[in-house]
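Here is how the chains run, residue by residue.
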Amino acid sequence: MRTDIVKLLTSAAIGIALFAIYFLFLNSFLNVVNLSNLSETESIILCTQIIRVIIIFVVGLKYQIQPIIPIIVFSFEALLIPPLLVLIVFTNAPFYAIFMGVILTAWFGATAVVLEPYAIYVFARNLIRDASIIGVLAIASFELISVLFLSSLLSSVTQPVQGLTGLGTLIITQIRGEVGSGGVPNPAQDLVTTTALLLFFVGLLFYMAMGNYSLGSKLKVPGIIVVSLVGTILAFLWIAFAAVREPDIFVSLSAPAIILTLIIWGSARGK
Amino acid sequence: MKLTQRGRDYLKAVLFGTIIASLLDVRLVLALCLSLLVAAGISEIILASSRTGDIEVQLQEPHLTCFKDGQAIEDVTIKYKRRRFVRVAVSSIRGPKGVDTISHETSSDSPTFTFRPRYSGRFQGLYATFEFLDPLGLFRKTLQITREDFVIDCYPSSLLKQVRQMAPITLALGERTGRAHGSGQEFYSIDEYNSSVERKNIYWKKIASLPDERLLVKVREANIPQAMTIGLIKTFDRGEKELSWMDLACEGAAILGTTIFSLGCDVILAFSSAGRVTKLEASDALEFRECLMQMSRAETGTTELNSEILEESEVCITGFKELEDGLLAVEISRKSSLLIKDTNAYPDTVGPLAVVYTGDEDVSELVNRVVRR
Chain A
1221 MRTDIVKLLT SAAIGIALFA IYFLFLNSFL NVVNLSNLSE TESIILCTQI
1271 IRVIIIFVVG LKYQIQPIIP IIVFSFEALL IPPLLVLIVF TNAPFYAIFM
1321 GVILTAWFGA TAVVLEPYAI YVFARNLIRD ASIIGVLAIA SFELISVLFL
1371 SSLLSSVTQP VQGLTGLGTL IITQIRGEVG SGGVPNPAQD LVTTTALLLF
1421 FVGLLFYMAM GNYSLGSKLK VPGIIVVSLV GTILAFLWIA FAAVREPDIF
1471 VSLSAPAIIL TLIIWGSARG K
Chain B
7 MKLTQRGRDY LKAVLFGTII ASLLDVRLVL ALCLSLLVAA GISEIILASS
57 RTGDIEVQLQ EPHLTCFKDG QAIEDVTIKY KRRRFVRVAV SSIRGPKGVD
107 TISHETSSDS PTFTFRPRYS GRFQGLYATF EFLDPLGLFR KTLQITREDF
157 VIDCYPSSLL KQVRQMAPIT LALGERTGRA HGSGQEFYSI DEYNSSVERK
207 NIYWKKIASL PDERLLVKVR EANIPQAMTI GLIKTFDRGE KELSWMDLAC
257 EGAAILGTTI FSLGCDVILA FSSAGRVTKL EASDALEFRE CLMQMSRAET
307 GTTELNSEIL EESEVCITGF KELEDGLLAV EISRKSSLLI KDTNAYPDTV
357 GPLAVVYTGD EDVSELVNRV VRR
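Chains as they are written, first to last, in the numbering used here: chain A, 1221 to 1491; chain B, 7 to 379.
Keep in mind that the hints are not guaranteed to be accurate.
Just a few of them, taken from the derived set where beta-carbon distance is under 7 Å, the chain B residues facing chain A [said to hold, decoys possible]:
1) Gly23
2) Leu221
3) Glu310
Computed far set for chain B versus chain A, every beta-carbon distance over 10 Å [to be verified]:
4) Asp31
5) Arg33
6) Ser56
What the simulated footprint calls covered on chain A by chain B, stretch by stretch (three residues with Cβ under 8 Å from a Cβ of chain B suffice, anywhere in the stretch; the number is not a length) [said to hold, decoys possible]:
7) 1359-1372
8) 1418-1424
9) 1454-1461
10) 1475-1489
Quick caveat, the hints were computed from the structure, so don't treat them as lab data.
Predicted model, so just to flag it, every value in this text is computed and none were measured.
We put the beta carbon where it would ideally sit given N, CA and C, even for glycine.
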């Protein structure tokens, strides 16, 4: 029961943090993206994507859905690519190429807006269930990257974005740019983002420390919290110390973390 | 010190997270991974510095008793000084050989165990493995504790059987009055004369005072032995089958003893122990149980010890394997004996006063024969 409460609280904190950053993106989306003259294709993709999310969400509340089903349902547009390619090859008509481009970019845009909250919900829900901690940390990293990417996506836009195809094109361009520059941009320094990131950090720290762990009756929870917090303070002291001298994160953070992992692993191989 | 399953997953997750965060330049996740690793290091140091010798295991009842096919329940309390940061749990507990152990962990510090002996006899020793876990549950240390003072006495179920109330036969000899008519010297009652009664028993004084012409005789009381000795002859250690063999020996001794008690005699158990013949006398059921438990720990006897036991016992309990020795078999065949089967053992000689005992045989006739002699 105590384990469940810890899991519930930490997963709620992580979920709220991710949603907060997503809402920053949604706020920018409603302000920047021009939705007044959506094409028929864009409208259909957006509406059906919303309906699909609602259906999967409602069905998921009552039944156990196989993981492949949401993937197929949400990627239905991608299934249109092979027949369109065939049509392009056989007819050589530019209409099909343009149509395929509209579908893909609109699908990218609609997915970013509609699918992200569903993904955050599923992730937070799975945290309460018996998820492996390897999966938790990996998916948490990807979720954080996704929302940070989206929140920073529209913050640098100066001109209004035209519909979902415009948003999709912007996403593709931004991804290409960030892959080239080597990483996710630094998050904005506003209060909401900072608070959300702090909540995400603390939530995931406590989840990893005790959320996935059935607590013994006699081991006091403050003992775990003390150890986790002391670890965090020492890590941050190291970051503050190392960041001044060495700005390269691989040298200041990644290498020490990997070395520390190997030391701990090696020292705990006794009989 | 070793990593737990969770510890392995934790380190893999952190390493994986570090690599992803480094590749994608997500500093927050990188900082989180470093924090988690430092916390793991602190947790490891706490466990490494804890002394496992501070543990104390208290048994609520170090001497348990039960009947065969029953169960005995033991509450164990574990006391440990550094509970705040180090969790102590019983990872396994094992009773003595021949005893099934079931754990009912009410809490990690006061587990309850149920012991179900499969055989009758005395079982000694409790072997517990304790696991020490760090605050984050990533590392573990184990400590094995043996409590030799823990004893389970499993009484033979034959002690609960209802035996036929036996009266001593008239020709029984012994030092104790048998509370029935017999051949002793003590006056027991008056009866009418018949041709089978010796004339010297005619009670002339009483007849003289009678108004009629009836002939009365004095009836004397039967005598029974003060105590009867049951000897256990064991010349082989049966290895894996020792417990089941001794179980049957205890059951046999129990039913013999109960039958002897019903006659009014005491029971003496004779067996080899600590390199000599041990003789334990019991005059009531409680004493007899204790004697049986001590007999269940009997050792393999030498030829001299077995001869001594055989000489002093009225009934002996032995196995087919012992009877493969020709000389011993001949000696045993002269006694009333309870024989326990051994697989692939072929007795050299089996006497007419022997009963092959499998757990259900009636031994009253065997006891009667002993009293008659």
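Each hint, compared with the structure:
no., hint, verdict
1, Gly23, "holds (4 Å)"
2, Leu221, "violated (87 Å)"
3, Glu310, "violated (48 Å)"
4, Asp31, "violated (3 Å)"
5, Arg33, "violated (6 Å)"
6, Ser56, "holds (12 Å)"
7, 1359-1372, "holds (count 6)"
8, 1418-1424, "holds (count 3)"
9, 1454-1461, "holds (count 5)"
10, 1475-1489, "holds (count 11)"
Violation of the numbered hints given earlier is confined to hints 2, 3, 4 and 5; the remaining hints are satisfied by the structure.
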